[in-house]
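> Just need the whole structure built from these sequences, with the hints factored in.
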Amino acid sequence: MKLGIVLEDENGVHGNVCAHFGQCRYFLLADIDKDNKKILHTRIVPNTAQHGVGGCVAVDEILRYNVTHVIAGGMGMGAQQKFAQAGVEVFGYSGKVKDALDDFMNNALGGLDACRHHGNGGECH
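Going by this note's numbering, the letters in the sequence shown line up with residues 1 to 125, in that order.
Simulated from the structure, these hints should not be mistaken for lab results.
Just to be clear, a hint being listed does not mean it is correct.
[Claimed, not checked] Straight line, CA to CA, 20 Å or less: simulated EDC-like cross-link-like pairs of lysine to aspartate or glutamate: (1) Lys-34 x Asp-103; (2) Lys-96 x Asp-60; (3) Lys-82 x Glu-61.
[Claimed, not checked] Here are the simulated distance ranges between beta carbons: (4) Pro-46 x Asn-107: 14 to 22 Å; (5) Asp-99 x Met-1: 15 to 23 Å; (6) Lys-38 x Asn-11: 15 to 23 Å; (7) Asn-106 x Val-57: 13 to 21 Å.
Computed from a predicted model, the values in this text were never measured in an experiment.
Virtual Cβ for every residue (Gly too), placed ideally from N, Cα, C.
Right, here's the structure in full:
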């Protein structure tokens with residue numbers, strides 16, 4: 001399976017999961033052998049479809065990499081619906097990417113609440 005995690009920076013597994021899917025600067029793509037709880041391969045790619053407030057084209061960007069699962073700190077309902085239509089399962093996580101990967105492989109991640117944008121701050125709640 002291929003997991004996509006939104007990143008705040010280029011620190012990969014040593015960085016933090018970005019708080020909002022569409023505003024992340026990078027994606028960590030991880031090929032996972034979940035049965036054996038192993039990370040087979042990772043790579044970092046830029047999110048060339050970053051947005052401020054509005055429609056989330058970043059979904060199309062990460063889907064180009066054939067991800068089957070996504071981890072993000074927050075995500076708007078439109079993005080969640082696009083992922084659901086594509087058959088991609090979405091999980092929420094706040095913290096270190098390495099810990100998110102461990103929790104994913106141990107089936108310890110939960111779902112994700114929808115983000116709503118407020119003014120220019122784009123805060124999630």
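> Determine whether the Cβ-Cβ distance between Pro-46 and Asn-107 falls within the hinted range of 14 to 22 Å.
Given about 30 Å between the Cβ atoms, the range is violated.
> Is 15 to 23 Å a correct range for the gap between the Cβ atoms of Lys-38 and Asn-11?
Since Lys-38 and Asn-11 have Cβ atoms about 21 Å apart, the given range 15 to 23 Å holds.
> Check the hint pairing Lys-34 with Asp-103 against an upper bound of 20 Å on the C-alpha distance.
holds, 11 Å
> For the pair supplied as a hint, Lys-82 and Glu-61, is the alpha-carbon distance within the 20 Å limit?
The given pair, whose Cα atoms are some 12 Å apart, holds under the 20 Å limit.
> Run the distance test for Lys-96 versus Asp-60: straight-line Cα separation, threshold 20 Å.
violated, 25 Å
> Quick one: are Asn-106 and Val-57 within 13 to 21 Å, going by C-beta?
violated, 32 Å
> Quick one: are Asp-99 and Met-1 within 15 to 23 Å, going by C-beta?
At 19 Å between Cβs, range holds.
In this structure, the earlier hints numbered 2, 4 and 7 are contradicted, and the remaining ones agree with it.
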